Amino acid sequence: MLIDSNIIIYAAQPDNAALRAFIAEHVPEVSAVSYVEVLGYHRLTEQERQHFEAFFAAASVLPLSQSVLEQAVKLRQLRKMTLGDALVAGTALAHGLTLVTRNEDDFKWIAGLSVLNPFTLETK
Numbered sequence: 314m315l316i317d318s319n320i321i322i323y324a325a326q327p328d329n330a331a332l333r334a335f336i337a338e339h340v341p342e343v344s345a346v347s348y349v350e351v352l353g354y355h356r357l358t359e360q361e362r363q364h365f366e367a368f369f370a371a372a373s374v375l376p377l378s379q380s381v382l383e384q385a386v387k388l389r390q391l392r393k394m395t396l397g398d399a400l401v402a403g404t405a406l407a408h409g410l411t412l413v414t415r416n417e418d419d420f421k422w423i424a425g426l427s428v429l430n431p432f433t434l435e436t437k
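Under my numbering, the residue at position 2 of the sequence shown is numbered 315, and the numbers go up by one with no gaps.
Everything labelled a hint here was simulated from the structure, so no lab data went into it.
Since the model is a prediction, treat every value here as computed from it, not as a measurement.
Heads up, a few of these hints could be off.
As the list claims (entries may be wrong) - Pairwise CB distance ranges, derived in the manner of DEER restraints:
| no. | residue 1 | residue 2 | range |
| --- | --- | --- | --- |
| 1 | Leu357 | Lys387 | 10 to 20 Å |
| 2 | Lys393 | Gln360 | 35 to 45 Å |
| 3 | Ser378 | Thr411 | 17 to 27 Å |
| 4 | Val349 | Thr411 | 16 to 26 Å |
| 5 | Glu383 | Gln360 | 19 to 29 Å |
| 6 | Glu366 | Leu391 | 14 to 24 Å |
| 7 | Glu338 | Lys393 | 15 to 25 Å |
| 8 | Gln363 | Asn319 | 19 to 29 Å |
| 9 | Lys387 | Glu417 | 26 to 36 Å |
| 10 | Glu359 | Lys387 | 31 to 41 Å |
| 11 | Arg415 | His355 | 21 to 31 Å |
Ideal Cβ positions, reconstructed from N, Cα and C, are used throughout, including at glycine.
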């Protein structure tokens, strides 16, 4: 499973213990884009920065390989989407991973991409 940036951020919030447990049950893999998006946020507190750095040290950060770039290009040729979303989706596609995100609508149109919203699992 590829954990999207928004899930990483939600998991850091105290009231999302179930989400942290969900992530802990799976081997977390993340896109290099999520690494930049989360750690690059200019208003991170020192405590948040340390928390996220520990998370990324434990996770497998997948690089922006040629196959990821090619997938992202194909996606952006099909439909308008942000560069970050294209690269994250391209990473999931290139590695055959399910994308774990709360932003299902941004990705549900992509053929061959499995999308999972862990927030909908909590209500079942």
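Here is how each hint holds up against the structure:
Hint check: Leu357 to Lys387, Cβ distance near 33 Å, so the stated range 10 to 20 Å is violated. Under the hint 35 to 45 Å, the C-beta atoms of Lys393 and Gln360, about 37 Å apart, fit the expected range. Distance hint for Ser378 and Thr411: a CB-CB separation of about 19 Å, consistent with the stated range 17 to 27 Å. Range check, Val349 to Thr411: about 22 Å between beta-carbon atoms, so the 16 to 26 Å window is met.
At roughly 39 Å, the beta carbons of Glu383 and Gln360 sit outside the given window of 19 to 29 Å. The given range of 14 to 24 Å is broken by Glu366 and Leu391, whose C-beta atoms sit roughly 35 Å from each other. At about 35 Å, the beta-carbon gap between Glu338 and Lys393 misses the expected band of 15 to 25 Å. For Gln363 and Asn319, the Cβ-Cβ distance of about 20 Å falls inside the hinted range of 19 to 29 Å, so the restraint holds.
Checked against the hint of 26 to 36 Å, the C-beta distance between Lys387 and Glu417 comes to roughly 20 Å, which is inconsistent with it. A hinted range of 31 to 41 Å holds for the C-beta pair Glu359 and Lys387, which are about 40 Å apart. Checked against the given bound of 21 to 31 Å, the beta carbons of Arg415 and His355, roughly 22 Å apart, stay inside it.
The structure does not agree with the numbered hints 1, 5, 6, 7, 9 stated previously, though it agrees with the rest.
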